[in-house]
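Chemist: So the chains spell out like this:
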Amino acid sequence: MTEEPKPFEPVIIGFTCNWCSYRAADMAGTARMKYAPNIRLIRLMCSGRLDPTFVFKAFAGGADAVLISGCHPGDCHYVEQNYKAMRRFHLLKRVLVQMGIEPGRLKLLWASAAEGAIFAAEINKFTEEVRALGPLNWAQPGEQVSTPIMEEVTA
Amino acid sequence: MSKPKFAMYWAASCGGCEIAVLNIHEKILDVDAAFEVVFWPVAMDAKYKDVEAMADGEITLCLFNGGMRNDENEHIAHLLRKKSKIMVAFGSCACEGCIPGLANFSSIKEIVDTAFTTITTDNPENIRPQSSFAMPEGNITIPTLNPVLKTLGQTVDVDYFMPGCPPESHQIEAVVGLVIEALNGKAELPPKGATIGAGTTTVCDDCPRKRNLKTIKEFGRIQLMKADPELCLLEQGIPCNGPATRNGCNARCPTAGAQCIGCYGPAEGVVDYGARLISAFASVIDSNKPEEIDKILDGLVDPAGQFYRFNLAGSLLRSSKYAQKG
Amino acid sequence: MQRITIDPITRLEGHGKIEIFLNEQGNVTNTYFQIPELRGFERFCVGRPVEEMPLLTNRICGVCPEAHHMAAAKAADAVYKVEVPHTGKMLRELLYSAFYATDHTTHFYALGGPDFIMGPDAPVAERNILGVIHKVGLEIGGKVIQMRKYGHTVVEMIGGRKVHPCTSIPGGLTKGITEEQRKEIEQMGRWAIEFAQFSLQAFNDIVLGNKTYVDLILGDIYTHKTYYMGLVDEKNKVNFYDGKVRVVGPDGKEYVKYEPKDYAANIAEHVEPWTYLKFPYLKNVGWKGFVDGPESGVYMATPLSRLNASDGMATPLAQVEYEKFYSTLGGKPVHQRLAIHWARLIELLYAAERWVELATDPEITSPNFHAIPTAVPSEGVGIVEAPRGTLTHHYWTDERGVVTKVNLIVGTTNNYAPITMSIKKAAESLIKKGNVNEGLLNMVEMAFRAYDPCFGCATHSLPGRMPLEITIRDAQGNPINTLSQFCD
Amino acid sequence: MSERIGVYICHCGTNIAGIVDVADVSKWAGEKLADKDVVVARDYKFMCSSLGQELIQKDIKEQKLTRVVVAACSPHLHEKTFRNACKGADLNPYLCELVSIREQDSWVHTDKAAATLKAKAIVSGGVARVMHHEALEPLRVPIHPATLVVGGGIAGIQAALEIADAGFHVYLVEREPSIGGHMAQFDKTFPTLDCSACILTPKMVDVGNHPNITLLTWSEVMKVDGFVGNFAVTIKKKPRYIKIEDCTGCGICWEKCPKKVVDNVFEAGMGNRKAVYVPFPQAVPKYPVIDDVNCTYYLKGTCKACEKFCPTNAIDFNQKPEEITVEVGNIILATGYDLFDARRIPQYGYGKLANVFTSLEFERLCNAAGPTGGNIVMRDGKTPPKTVGIVHCVGSRDKNYNGYCSAICCMQSLKFAHLVRERTGAEVYNFYIDIRTPSKGYEEFYQRLLEEGTRFVRGKVAEITSMARIPEEEGKLIIQVEDTLIGKQRRIPVDMVVLSAGMQARQDSKEVAKLFGISCSADNWYIERHPKLDPVATMTEGIYIAGCVQGPKDIPASVSQGAAAAARVLGKIQQKEISLEPVRASINQEQCSGCRICNNLCPFNAILFHEDTMVSEVNLALCQGCGTCVAGCPAGAISGTGFSNEQILSQIDGLLMLNLSRTAVPVES
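Protein chains in written order, with this note's numbering: chain A, 1 to 155; chain B, 156 to 481; chain C, 482 to 969; chain D, 970 to 1638.
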């Protein structure tokens, strides 16, 4: 299949937990809310399952950004595993920055099963942010050890 | 029939691997007995063109150490691959890039610029070395540096990986012994692509230190504390890479009171070494408050450098087809 | 115009390459010795915690990682302005002395020695360790292996590993040694002294006893009247681990003596576009090109330089040999490069003596081997004498002790200019009217091995291993003649 | 070995086909994914229809499919459907993957080309993933027939009785001296106004006498080990200082006891009890408790009046706490709620203004067995109020306190209003935000109140003060409120104010949740497995919730949940053994280095460390399959079925196979 060259369309891989954020996505669907088609979701049982390897794999495979989403803090269906996901996210983000990947390409989103609207809105926002960043730049690995600003969105 | 042929070569490496091989001391004679050493710059005389003259696959065993820093490294890697039956990525540099792989944090321009603008460098015309330079007498050339340092596996097809910086002498003895046995039909060679001369789990398995549940409120620096010589270093907040690093060294560094720096690379089947450490270190953090988590993480002053100290060139991210273009 | 290319055995292996250009008359107009490798430690050490520098810079060279480990540790101490406790200092120096003994042994017997023991004109096949064993007697082979084993054992006991030690940290070490270990170390040290004496005796009998060798040493081809650099203690005695840097002029008089922290006021590095390696020189004398004499900032840093730059050795037996050395070679300074081999053996003896001195110090087993730094880290310089020259590490860090800038002047680099000069001199004296003397390779090769250049630090070939091949091409660049010869 | 994969694209009528070019997707999958072992790709109007399922089953048989990918709606709808379809064709159900191109694609996108491209990506992700699926069998564990019910309120009582009546043993644990809970404190129950005690007491007595119920009052759960079907629960029995085997509950001891204590629990501080006491006359069990904090003997070392007078020598001052362990297969948590503390809203004056009462205090005031014998009087204990203000939503529907609606306050307030008018004829003002009467008979009750002439003021009360501005306000409580119906600020003087305080989770609910390994919402209510479809189960197998512990609710709802939980438990017990989802973590003992990093990752204590062999191990039955330890293991020694690294990593590859961003012509990875 061949297509005409077109402007940069980011590809975003999104990880959701089975109980909150995936259901939020389901809800967005059931309510026919519209959002950018750039995101492709992967369902995990819990955001605690999010292995940083998955994020590296997504970037290495050509994703321009990665979304990690789970239940709200204190709302985890596995008691407190989303806190563990949050800890990983904070450390992972620092590593990515040193690896030359802008902090804006990794986003953590808390979304409850009832928050389809917010889920959709956040995806649109994120897609635009990544579009603005442009394609992942492999040529210029970064070396700044500065602490990245945490971009934790609570939906 | 003639003896099987042996070759050992260094690309961008420090020579420590050669020393490690020499350090098997009298056992080196076994190698000499079992093999005809046809190419080994450190130990004997042989010409590059002799290798070129060989038939493909004529060399039975080639231990290749060093990473791919310049075009010459790559050229000879391809040559030796062609000429060798068993190509072993020998040592951390060949397996995963090792310390020189940290260069992949920077662009090659940044690297050269830094080297030629140090405080003692007297460089008024701001000269940079040229791969080909016209002197009054004529052109003289030097190799071109690669945009990124690559591992051997990213450059040619590798049969076995032997990790370590350098590989421990007792492991080298064992591997050489195994190959000799295999050649005499007394033993089976491991499946292609296997990691040899090392364990399958991690350094903690061999570490003598006591360990309990790990909950860290603060990461420490080894020089800034009196570490308990009996207790797991990570539990004391010292950033030890042992939990994620393949065993095979008998936990040398932790045994000597120093944190494991990860020279044996990832454990069996692990896709990305650094990712394992990110998970592990995040897992021991004892807090659910974002601000506090960040405060604790500030104690790890160089996470990427620590988690990918030996593995940056071989990391999942840097192995990406996009990253390889540099 | 003719051009001669001298490459290492594997043309495509970037381990040093020599270009010799001849004029129409076929006489040498110029030579270029190129180092085609750069790994970028100055860059990628930035951002790393300073306590890792002894572990990272180890990997500059697997042949002398101990030297980088020590220089880095001392620089890191300085960054934290921390005074290493007496026991800590001694442990480091003990490790370092054992390493020195091993390294010098390897070089003399496996690399440099054969030239003399077998004679420079002996067939290549015999000019190697096996030949030495054959000539000196079987037990020597065993002794050399024994010496290396002992050295590595001590390095491992104190440094945690045989190659790339890991125990030195800012303020001292991560561990001490037990009384049992101390005993073992002392015994090995005593054996090392005997071995060193044996080696000097062998050199005495075989080399000094042979006029042709002596003439060779004193010959002019390898003579450069340069400055000499070495680390000395407060009594101006040779010291490998600590002290001040002392430089003497071609006349043997002290030119300057400076604290490690002041190195940058005294040393600068000249850049050429045709090589990745820089040429250090004495800043205040200045760069005058590849020439010797008091007007040229070119200096040498080798065992010979250390002896020239000092007033003697700090241990009794070595001191005796030191005096003999200069009385035999006609007083200080000695400019003949081949004398480096002899100087190396004297250092071997000193290292072994120092080894025992430290191993018998009552404080060596004390648990007081580390002092916790309290100052805010900022900047520091660490200098040790690597076997192949004065080794300088200089780090700048932020207040967390994270490296922000690095400068390294590596042992062998010091000798880049002198080596280049030796090559040119050898070439000039041996290439006349386009006819290339077969001896050229051998002579050039011997020059190399005398310096014991560790291009594991600079490029990466092992000490002294500069196996050569010369291609002589006509003006069109077509090879007319190929001569080759290899050390082994 | 290569697989044989079938791909099925659902049109879902026009739900999917309207946006996604399903024909193109299936054609593409058939061709482009052939090298990924796809042997058949079809699209069909309704895959979930029996015809659609038969289509798959037919292919499984005829085409010898070893894997199936269905691209349709959310797995939460039809994953089971298609898994069962595969099972029906003798293909292990776990070799089927359902990917969503409806909720995740056609319903949320408008650009047909983009949606179709995304559908292809999603399908190729599913195909890549299913390659690594493995045939799984559910785990089976036996169920211990006994059940633990925690909390002796109406929900717990109901659950206990249902199970016990069905012939299975129940341990009912209550931390107070008597069961009954909040309901025992009430006077009347809305909307029927029948007496709370009259309907509750018989049930309490049943519990007390039931041969299948072991009643453990004045007791608390200390520790919970084991897992569904096989819990071992450690319970601490606090000392009553009464030998219950000898005690007849005659009551002489509390008559004789010289020490009066303010009763903050049952009487809500409105009345007193003795140092040895039963909380209320109908208490079950009937045995008293000696309150060793206030008892003179424990304070001064003398007295022992109760001991002197006890006709059966049942007093035992030396009793010590006792721990017992019981084996149960299931657990029902019915620990109820706490009343919102009205002191937290200072402008309402509770605690400062004598005649401001909380709803619970007012319940006691109305109760015939209460401190005033059911006379509604002011704090002075004699004067009946002439005007009473009842404030709704105290602490509820208020961002500053609890955002949620407490569900019962409206009806409770209406009940109060009725009782006030009935017993005192006083004038009653109800201050409300909205009147919510959603259940059977509730609206009718509201209408009745309106007819009774109760006044309703729509508005959130701003302040309750005793600061009079005009003579009429002297000595009154003035309620400052904006009447939003007439849009005016009003000051309404009254004699008595009742604050309809809302419900909130028990202050120790978090600790209790941790103890049982279940999760709390942000408001600390316990989280049900599914808000609609599974309201009494939790994420932890074998642990159920009933009553207000799950969220505010009235008595009928609590009773139904108690019964529902009981029904779920009975169902489990009848199965004798239970089959658990095989999505579990397991540790490769060879590869585990015993670093112990995973040990504190598991909130279900499913990971244990063997000191002898120095390796960690997962208890499969305890594991809930969240996968956190899988992601956490630094040695990569832990694998998780159903969501293995291979599965996820290949799915990522698959999803990125069509890569928009890199090039116009998609990169084939």
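Read the hints as simulated data drawn from the structure, not as lab findings.
Heads up, the beta-carbon is just placed ideally off N, CA and C, and yes, glycines get one too.
Be a bit skeptical, because a hint or two may be false.
Stated by the list, open to error - For each label pair, taking beta carbons as the anchor points, the in silico distance ranges come out as: (1) B:283 with C:742: 43 to 53 Å; (2) D:999 with A:7: 49 to 59 Å; (3) C:742 with B:287: 49 to 59 Å; (4) A:7 with B:287: 52 to 62 Å; (5) C:886 with A:125: 38 to 48 Å; (6) D:1215 with B:386: 23 to 33 Å; (7) B:343 with C:675: 27 to 37 Å; (8) B:268 with C:660: 46 to 56 Å; (9) B:343 with C:742: 58 to 68 Å; (10) D:1027 with A:31: 32 to 42 Å; (11) B:450 with D:1416: 56 to 66 Å.
Claimed, not checked - DMTMM-like mimics (lysine to aspartate or glutamate), calculated; alpha carbons at most 20 Å apart, straight line: (12) D:1483 with B:441; (13) D:1501 with A:102; (14) D:1206 with D:1131.
Said to hold, decoys possible - Negatives, chain D to chain A, calculated, CB over 12 Å: (15) 1078; (16) 1084; (17) 1180; (18) 1352; (19) 1455; (20) 1482; (21) 1492; (22) 1498; (23) 1593.
Chemist: Hint by hint, note whether the structure agrees.
Modeler: For each hint, the structure was consulted:
Between residue 283 (chain B) and residue 742 (chain C) the beta carbon distance is about 29 Å. The supplied range of 43 to 53 Å is therefore violated. Between residue 999 (chain D) and residue 7 (chain A) the beta carbons are some 31 Å apart, a value that contradicts the proposed interval 49 to 59 Å. Evaluation of the 49 to 59 Å hint for residue 742 (chain C) and residue 287 (chain B) yields a failure: the beta carbon distance comes to about 40 Å. For the pair residue 7 (chain A) and residue 287 (chain B), the beta carbons lie near 40 Å from each other, so the given range of 52 to 62 Å is not met.
With their beta carbons about 40 Å apart, residue 886 (chain C) and residue 125 (chain A) fall inside the hinted range of 38 to 48 Å. In this structure the supplied range 23 to 33 Å is violated for residue 1215 (chain D) paired with residue 386 (chain B), their Cβ-Cβ distance being about 56 Å. In this structure, residue 343 (chain B) and residue 675 (chain C) break the distance hint of 27 to 37 Å, their C-beta atoms being roughly 48 Å apart. Taken as a hint, the range 46 to 56 Å holds for the pair residue 268 (chain B) and residue 660 (chain C), whose Cβ atoms sit roughly 52 Å apart.
Between residue 343 (chain B) and residue 742 (chain C), the C-beta spacing of about 59 Å keeps the proposed range 58 to 68 Å intact. Evaluation of the 32 to 42 Å hint for residue 1027 (chain D) and residue 31 (chain A) yields a pass: the beta carbon distance comes to about 36 Å. Between residue 450 (chain B) and residue 1416 (chain D) the C-beta distance comes to about 59 Å, which sits within the given range of 56 to 66 Å. Pair hint residue 1483 (chain D) plus residue 441 (chain B) holds up; C-alpha atoms about 17 Å apart against a cutoff of 20 Å.
Among the hinted pairs, residue 1501 (chain D) with residue 102 (chain A) is inconsistent with the structure: their alpha-carbon atoms are about 41 Å apart, more than 20 Å. Among the hinted pairs, residue 1206 (chain D) with residue 1131 (chain D) is inconsistent with the structure: their alpha-carbon atoms are about 25 Å apart, more than 20 Å. Its beta-carbon lying about 4 Å from the closest one in chain A, residue 1078 (chain D) breaks the requirement of being farther than 12 Å from that chain. The non-interface label for residue 1084 (chain D) is inconsistent with chain A: the shortest C-beta to C-beta separation is roughly 6 Å, within 12 Å.
With a cut of 12 Å on Cβ distances, residue 1180 (chain D) stays outside the contact zone with chain A, its closest approach being about 37 Å. For residue 1352 (chain D), the condition that its CB be more than 12 Å from all CB atoms of chain A holds, with the nearest at approximately 47 Å. The Cβ of residue 1455 (chain D) lies farther than 12 Å from every Cβ of chain A, with a closest approach of about 35 Å, so its non-interface assignment holds. With a closest Cβ-Cβ approach of about 7 Å to chain A, residue 1482 (chain D) is found to fall inside the 12 Å limit, against its non-interface label.
Residue placement check: residue 1492 (chain D) does not keep its beta carbon more than 12 Å from all beta carbons of chain A (closest about 9 Å). At the 12 Å boundary, the C-beta of residue 1498 (chain D) falls inside the reach of chain A, the nearest C-beta of that chain being 8 Å off. A beta-carbon of chain A comes within 12 Å of the beta-carbon of residue 1593 (chain D); the shortest separation is about 6 Å.
Violation of the numbered hints given earlier is confined to hints 1, 2, 3, 4, 6, 7, 13, 14, 15, 16, 20, 21, 22 and 23; the remaining hints are satisfied by the structure.
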